[in-house]
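**Q** Spelled out from the first residue to the last, the chains are:
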Amino acid sequence: MRNPSRRAFLAGVGATGVGGLADCLGFELESGSREPPLVANRPDAVYRPTHTEGMAMAGMVSDGGYSCALTYSYPHRFWTVTGDDTTQVEVGGNDALHLMPIVWHSESGVVPSDVNPSVDVTRDGESVVDGLNPWPMLAQRMGFHFGDNVELPEQGEYTVTVSVGAGGDRRTGSLTETAAAEFEFTLDYQRSELRDLPFEDIAEARQGTLGAVEPMRMEMVPTTQAPPVDDLPGTAHGTTGSGDAVFAVRSLDDATPFGGDADQAYLAVSARTPYNRYPLPLMSLSGTLSRDGETAFDGYLNEWLDPDLGIHYGAVVDGVGSGDELTIAVDSPPQVSRHEGYETAFRNMPEATLTL
Amino acid sequence: MSDPNGIDRRAFVKSAVAIGGAAALSACLNRGADVDVPRGPETPSAEFPERQHAWNAALPTTDAGNNHHPRHRVLLALDYGDGTPADDERETVEAALAGVERAYERSAAGLLLTVSYSPSYFDRFDDDLPGSVDLPEPRALSAFEDPDADDADAIVHLASDHGEVVMGAEEALKGDLDELNGVAQPDAALTDVFSVRERRTGFIGDGLPAENQDVSGVPDDGPVPEDAPLYMGFESAFKGNQPTEDRVTIRDGPFAGGTTQQLSTLTLNLTQWYEQDTREQRVSKMFCPHHAENELVEDAGENLGTDPRMDDCGEPIETARNEGVVGHSQKMVDVRENDKPIILRRDFDSTDGDRAGVHFLSLQRTISDFVTTREAMNGEEIDSDSAVGQRTNNGILQYINTVRRGNFLVPPRSLRALPPANPDADVAEVAENAEVVDA
Numbered sequence: 001m002r003n004p005s006r007r008a009f010l011a012g013v014g015a016t017g018v019g020g021l022a023d024c025l026g027f028e029l030e031s032g033s034r035e036p037p038l039v040a041n042r043p044d045a046v047y048r049p050t051h052t053e054g055m056a057m058a059g060m061v062s063d064g065g066y067s068c069a070l071t072y073s074y075p076h077r078f079w080t081v082t083g084d085d086t087t088q089v090e091v092g093g094n095d096a097l098h099l100m101p102i103v104w105h106s107e108s109g110v111v112p113s114d115v116n117p118s119v120d121v122t123r124d125g126e127s128v129v130d131g132l133n134p135w136p137m138l139a140q141r142m143g144f145h146f147g148d149n150v151e152l153p154e155q156g157e158y159t160v161t162v163s164v165g166a167g168g169d170r171r172t173g174s175l176t177e178t179a180a181a182e183f184e185f186t187l188d189y190q191r192s193e194l195r196d197l198p199f200e201d202i203a204e205a206r207q208g209t210l211g212a213v214e215p216m217r218m219e220m221v222p223t224t225q226a227p228p229v230d231d232l233p234g235t236a237h238g239t240t241g242s243g244d245a246v247f248a249v250r251s252l253d254d255a256t257p258f259g260g261d262a263d264q265a266y267l268a269v270s271a272r273t274p275y276n277r278y279p280l281p282l283m284s285l286s287g288t289l290s291r292d293g294e295t296a297f298d299g300y301l302n303e304w305l306d307p308d309l310g311i312h313y314g315a316v317v318d319g320v321g322s323g324d325e326l327t328i329a330v331d332s333p334p335q336v337s338r339h340e341g342y343e344t345a346f347r348n349m350p351e352a353t354l355t356l
Numbered sequence: 001m002s003d004p005n006g007i008d009r010r011a012f013v014k015s016a017v018a019i020g021g022a023a024a025l026s027a028c029l030n031r032g033a034d035v036d037v038p039r040g041p042e043t044p045s046a047e048f049p050e051r052q053h054a055w056n057a058a059l060p061t062t063d064a065g066n067n068h069h070p071r072h073r074v075l076l077a078l079d080y081g082d083g084t085p086a087d088d089e090r091e092t093v094e095a096a097l098a099g100v101e102r103a104y105e106r107s108a109a110g111l112l113l114t115v116s117y118s119p120s121y122f123d124r125f126d127d128d129l130p131g132s133v134d135l136p137e138p139r140a141l142s143a144f145e146d147p148d149a150d151d152a153d154a155i156v157h158l159a160s161d162h163g164e165v166v167m168g169a170e171e172a173l174k175g176d177l178d179e180l181n182g183v184a185q186p187d188a189a190l191t192d193v194f195s196v197r198e199r200r201t202g203f204i205g206d207g208l209p210a211e212n213q214d215v216s217g218v219p220d221d222g223p224v225p226e227d228a229p230l231y232m233g234f235e236s237a238f239k240g241n242q243p244t245e246d247r248v249t250i251r252d253g254p255f256a257g258g259t260t261q262q263l264s265t266l267t268l269n270l271t272q273w274y275e276q277d278t279r280e281q282r283v284s285k286m287f288c289p290h291h292a293e294n295e296l297v298e299d300a301g302e303n304l305g306t307d308p309r310m311d312d313c314g315e316p317i318e319t320a321r322n323e324g325v326v327g328h329s330q331k332m333v334d335v336r337e338n339d340k341p342i343i344l345r346r347d348f349d350s351t352d353g354d355r356a357g358v359h360f361l362s363l364q365r366t367i368s369d370f371v372t373t374r375e376a377m378n379g380e381e382i383d384s385d386s387a388v389g390q391r392t393n394n395g396i397l398q399y400i401n402t403v404r405r406g407n408f409l410v411p412p413r414s415l416r417a418l419p420p421a422n423p424d425a426d427v428a429e430v431a432e433n434a435e436v437v438d439a
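Residue numbers (the UniProt record's numbering), protein chains in the order written: chain A, 1 to 356; chain B, 1 to 439.
Hints were generated in silico from the structure; no laboratory data involved. Do not take every clue at face value.
[Said to hold, decoys possible] Residues of chain A placed beyond 10 Å of chain B at every Cβ, according to the derived structure:
| no. | residue |
| --- | --- |
| 1 | D63 |
| 2 | P198 |
| 3 | Q207 |
| 4 | A212 |
| 5 | G260 |
| 6 | D263 |
| 7 | E351 |
[As the list claims (entries may be wrong)] Incomplete in silico selection of chain B near chain A, CB under 8 Å:
| no. | residue |
| --- | --- |
| 8 | F144 |
| 9 | T267 |
| 10 | Q276 |
| 11 | Q281 |
| 12 | S284 |
| 13 | S384 |
| 14 | D385 |
| 15 | Q390 |
| 16 | N393 |
Every residue, glycine too, gets a C-beta built ideally from N, C-alpha and C.
All chains should be modelled from the sequences, with the hints used to inform the complete structure.
**A** In structure tokens form, the structure reads like this:
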């Protein structure tokens, strides 16, 4: 159900003043927030939020082996994460929009988790925002991306420059061939356009129930989902999970691309959200592989980017045998900020085990 | 504190430093009693230390036991132009500097100053800098920064607890004052030799960041704590987090007694810091998670005295792995020698460009010591091996950007006026020429 009046309030209170407030009567607003109240009794798991939001795109540009789509929506609440703790961030009084530079590796479509885009905004050559480093985030309609609420002084055209530095060392294949990149966009900030973005309430009976809203499909932007489990390369060893995250386990016969030797194996864990299978980056995972009561491997499962596995965690091991016991410990849950519906999941994450 | 016009005098003075110029100085002096600063000696060169950077002995100690930092700062970025300096130009520079040193005593309440020179200044000489000086061109020191090179030829750093003093010294050095603090000024100005490319200003110390928070980069609701010495809300230069001046002094060669100065212009984005993080997150990211969990840091951290207790933080990789965060100070522990860092911080905050920023000024024996320290701050291995991201929960990297970086040599005092690249070679050359003349 579209609800234009609340959108008007969300996007236009500064301009519409008291008239805008009148539009909003009938909505129960939390103190300090312009969004509907959170679902009561949220489960410690992925849940359906109160509403879904549309978004607009200022353009798409490619550089340095990456592509970047500059997308935005109205400002909204999210939760920052440090360790196991979340901090709810309310929309600020001057926030104009929620800005999301989506950067992906052009060839593989992988959204890199090892580079943090930086954003500069200018208007008529004057700096408005400089050196903003948006948070890594996880949202039910978008998956893993970077974003933050941004203040803009007035409506009109802005030049937005997104830059990313060179990638990290834990990459394979064509993902190693990227360079530092810069993407420039013109963003026309108009509150009327933001008001026209979809804002759909989720039926009250479904709010807070286990599940997730559908991923959004964006023109020109590849899906940010992890590959379906069946499409992952290597030998399948089944799935396990922790804190509502799904761990799909694979082994590859040749560990060379991951810093090992051809006669070593690579043990890969693709950690993803349930329902929408978005990758879960920025975790500390470690693994223990036991064979006939002996420890065959005990160490970090480091975060890697691979064109076929996507964002995943892995380690070089001396071999994986049928019947091996794998224990996956989550030493730190994903240090990504959360949008509504993900803030209570992937936090309390006990050890997971799997017989390979 | 209020003057007869009802405007806080201190607030007026710090604005005046940022604005600068003779008019601002004059307005400042007209608004209240002249500051009472003792004059300097008649012959500063006879009394002042050979190390320009030997400030510590001239700084009072705070109640917490740390060095007090002069509250007001001006950095004059100077260009020499083409060609190599002549002796009369050296005499002019030295005379101008000595003029302000005679006007104010060498102390935090008076005036502290250094003059430093960049690789682009030294490039004009046929000789290279001696091997005892490590002064490379500035460069990006992480995969995610892209700073402009600061290629000013020279930087004059003026520091005082009194805004009037740094402004007065600046005006005198530019030849605009006949008399300073009752002391006649020489007919010699830095501007006879240099052009002023840029003036950079700033401040450090309790209350000043809060008074100066109405700038871009700080949320509108004034979140900087009233007593904080720096914008980010915490003490930084604990005595236990500073090396001795000996440790940062060049030991050998013609520039022995000098030091190198790394000067970065950083911009701050404190909306995330103050509005999207909690205090616990801020303490985790500035100090370490242990300090946050145990509530070891009160207010700006004065309760820590001289020792930020970094030994309690644990290994950076351990907290990164197990707590998803690593503290800024915590990452620096591994680059310590004898339990002290290897760079001496003399940084301060700034409102230049109406932007919350930091002039991050550090002194170290070699620029390599700075590079080592900065690499520790980048935490690349920690990022690679843990839940900590390139910037996320990686100390304070998310909130700061390096927009400019320069490397400078702070020569010993006797070589502070337009030094040649290799004074020993010059001496040898002069001697050789003398022999030729003798022959």
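**Q** Regarding the hint that B/N393 lies at the interface with chain A, is the smallest CB-CB distance below 8 Å?
**A** 5 Å, holds
**Q** Should the interface hint for B/S384 be scored as holding, given a Cβ-Cβ cut-off of 8 Å against chain A?
**A** Since chain A brings a Cβ to about 6 Å from B/S384, closer than 8 Å, the hint holds.
**Q** Let me know if the C-beta of B/T267 comes in closer than 8 Å to any C-beta of chain A, holds or violated.
**A** 5 Å, holds
**Q** Tell me if B/S284 is really an interface residue toward chain A, meaning its C-beta lies closer than 8 Å to one of theirs.
**A** 6 Å, holds
**Q** When you look at the beta carbon of A/A212, is every beta carbon of chain B farther off than 10 Å?
**A** It holds; A/A212 is separated from chain B by about 23 Å at its closest Cβ, greater than 10 Å.
**Q** Does B/Q281 meet its interface restraint, that is, does its C-beta lie within less than 8 Å of any C-beta in chain A?
**A** Interface hint status for B/Q281: holds (5 Å vs cutoff 8 Å).
**Q** Would you settle whether the hint for B/F144 is holds or violated, based on the nearest Cβ-Cβ distance to chain A being less than 8 Å?
**A** Since the shortest Cβ distance to chain A is 4 Å, the answer is holds.
**Q** Against chain B, does A/D263 hold up as non-interface, every C-beta pair farther apart than 10 Å?
**A** 25 Å, holds
**Q** Please check whether the beta-carbon of A/Q207 is more than 10 Å away from every beta-carbon in chain B.
**A** 25 Å, holds
**Q** Taking 10 Å as the cut and beta carbons as the points, is A/P198 off the interface with chain B?
**A** 26 Å, holds
**Q** Using 8 Å as the Cβ threshold, decide whether B/Q390 counts as touching chain A.
**A** 5 Å, holds
**Q** Taking the closest Cβ pair, is B/Q276 under 8 Å from chain A?
**A** 5 Å, holds
Every hint, counting from the list given before, is met by this structure.
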